[in-house]
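Input sequences plus hints: build the corresponding full structure.
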Amino acid sequence: MVVFEKPKSLTDAEFHYCPGCTHGIIHRLVAEAIDSLGIEGRTIGVAPVGCAVMAYNYFSCDMVEAAHGRAPAVATGLKRSMPENIIFTYQGDGDLASIGMAETVHAATRNENITIIFVNNAIYGMTGGQMAPTSLPGQVTQTSPYGRDVKVAGYPIRVCELLSGLEAPEFITRVAVNNVKNVKAAGKAIKKAFQNQIDGKGFSLVEVVSSCPTNWGMTPQKALQWVDEKMIPYYPLGVYRDKSAEVTE
Amino acid sequence: MSEKVLMKGNEAIAEAAIRAGCRHYFGYPITPQTELAAYMSKRMPKIGGVFLQAESEISAINMVYGVAGSGKRVMTSSSSPGVSLKQEGISYIAGSDLPALIVNVQRGGPGLGGIQPSQSDYFQATKGGGHGDYHLIVLTPASVQEMADLTSLAFDLADKYRVPAMLLADGTTGQMMEPVELPEEKTVSVDKPWAVTGTGMKRKHNIINSLYLQPDELEKMNFERFERYKLIEENEVRYESYLTEDADIVVVAFGIAARVSKNAVNEARRQGIKAGLVRPITVWPFPKKALADLSKTAKGFISVELSMGQMIDDVRLAINCSRPVALCNRAGGMIPSPDEVLDSIKKMQEGI
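Protein chains in written order, with my numbering: chain A, 316 to 564; chain B, 10 to 361.
Bear in mind the hints are in silico, worked out from the structure with no lab data behind them.
Quantities reported herein were computed from a predicted structural model and do not represent experimental measurements.
By construction, the Cβ of each residue, glycine as well, lies at the ideal position given by its N, Cα and C atoms.
Worth double-checking, as some hints may not be accurate.
Taking lysine-lysine and the DSBU-like style, the derived pairs with C-alpha atoms no more than 30 Å apart in a straight line are [unchecked claim]:
#1 Lys-51(B) / Lys-323(A)
#2 Lys-323(A) / Lys-201(B)
#3 Lys-537(A) / Lys-558(A)
#4 Lys-507(A) / Lys-466(A)
#5 Lys-51(B) / Lys-321(A)
#6 Lys-298(B) / Lys-516(A)
Some chain A residues judged to face chain B by a derived CB distance under 7 Å, without partners named [stated by the list, open to error]:
#7 Phe-330
#8 His-331
#9 Ser-351
#10 Gly-353
#11 Gly-356
#12 Arg-357
#13 Asp-377
#14 Val-379
#15 Ala-382
#16 Thr-391
#17 Leu-393
#18 Met-397
#19 Gln-536
Printed below as a string of structure tokens:
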């Protein structure tokens with residue numbers, strides 16, 4: 316009896332992610348949601364520019380590689396031309412909250428019926444650890460070597476809080492993958508974000524607070540602890556918008 | 010034969026696109042092409058199509074990229090500063106071998122420039138425009154009729170070669186009204202096995218992508234693409250030749266500049282000067298061979314442009330600098346008069 320196996324909607328390609336990186340977990344959660352909803356054959360994923368740039372090799376559904384920050388616009392084109400298909404984007408913090416902020420906000424305010432998986436690890440990973448729009452005050456990165464000075468570089472952007480100020484979006488939630496309990500909750504949120512699209516409810520975004528041991532300069536264990544002690548207090552987990560729940564209440 | 014209707018150039022593009030099977034339009038307002046978007050916003054909802062005003066030209070072109078990936082006919086339109094913004098997306102579309110139509114109703118530049126007609130995006134349109142090695146198929150309408158006809162052709166060529174096409178118009182052809190015979194409604198069925206439409210669990214996943222981290226693979230993709238460009242150069246050059254057979258002086262001009270030039274050529278002929286006109290309809294691929302052949306008999310060439318002289322480089326290259334090539338130009342939104350072109354012809358006549 317098989318008790319544990321690789322989700323079917325992941326290919327056999329080996330991940331290129333660093334040891335201890337949580338992208339692997341999040342890929343798996345996305346794939347499990349796709350499997351359990353039985354939608355692989357009609358799902359199209361949009362990969363970002365950033366660490367997940369090669370996500371198109373890892374998901375066995377059809378995939379599109381977008382330019383930096385443009386995934387929500389690309390997803391809009393895909394969804395508008397194929398409303399019966401399920402379209403998701405998988406984006407990092409630099410991609411979604413810096414260069415792609417306009418695309419993110421406008422896809423949200425159109426209540427575009429797409430699913431966005433937003434991985435927030437407070438740093439630009441692929442380019443080697445520069446300050447991100449979500450880097451914490453005081454956080455040391457390659458481009459904030461003395462720590463993020465909010466007087467110079469401004470404050471981190473809380474994406475869920477910002478987007479939930481809009482009228483339109485259906486579902487906005489923040490989860491984390493730093494322990495088993497949180498991983499389970501993250502899996503549920505991701506599945507709901509896909510289910511919403513199947514049900515035609517509209518824009519669903521799951522922010523996943525994540526870690527980057529390599530560029531944070533920490534062991535994987537220490538990085539997960541840092542998520543708990545530093546990241547989550549600044550980025551509180553929870554549901555920021557759930558229109559369906561509001562209606563039923 | 011359908012009947013002729015009086016239409017604005019920008020609207021003729023929109024209607025021709027719909028009749029060519031385009032059901033997806035994404036744009037952002039900019040003068041002097043906004044009528045195109047307005048027309049689409051009226052028509053698309055009535056025929057089950059998609060009109061979406063994007064948050065920026067950048068988003069619009071990336072929506073185009075998404076639809077093009079799904080294999081459906083799609084377009085965007087803008088004017089010079091907006092087309093500059095689209096260049097990133099155009100490069101991705103070219104690098105992913107996707108068909109799409111981009112319309113540039115050019116205005117004067119650089120920078121914010123002006124809103125009057127121009128042809129100063131010639132370099133951008135014909136040499137690639139964004140980063141990397143690539144070309145667009147670039148068609149240049151000189152009448153409202155051609156706004157319609159070339160739009161239809163652009164979709165077909167883009168699909169045939171998996172290359173994005175550009176309709177390089179200008180503020181004059183965009184804004185003027187002329188009688189036009191609209192093309193018949195086409196049913197398009199082009200096989201696109203590469204499109205991302207969902208695997209249906211029946212095939213391996215398709216990937217729309219322009220990233221190749223292995224340099225040898227990226228080189229291979231570039232070589233393969235340029236093989237296709239070679240085919241386009243062999244098969245898809247289009248131009249109009251007017252009174253060139255015995256011409257001593259060949260005027261080369263496209264779009265609105267060609268219409269002005271035709272008047273000047275007629276007047277030159279009336280005055281006994283053997284002038285002719287080559288009007289490139291495709292500026293990429295450029296009618297190199299036609300000009301090279303004419304250089305055997307013609308004594309001089311004049312490039313008439315609404316720019317500081319961009320196409321003139323291609324004219325010189327086409328004839329391998331074997332004859333003098335003069336520039337007759339206005340810029341910034343100004344259009345040369347037939348008399349100005351005639352003066353250039355006369356000046357060259359004296360010199361040869």
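> For which of the previously enumerated hints does the structure constitute a violation, in increasing order of number?
Replying inline: 1, 3, 4, 5, 6, 7, 8, 9, 10, 19
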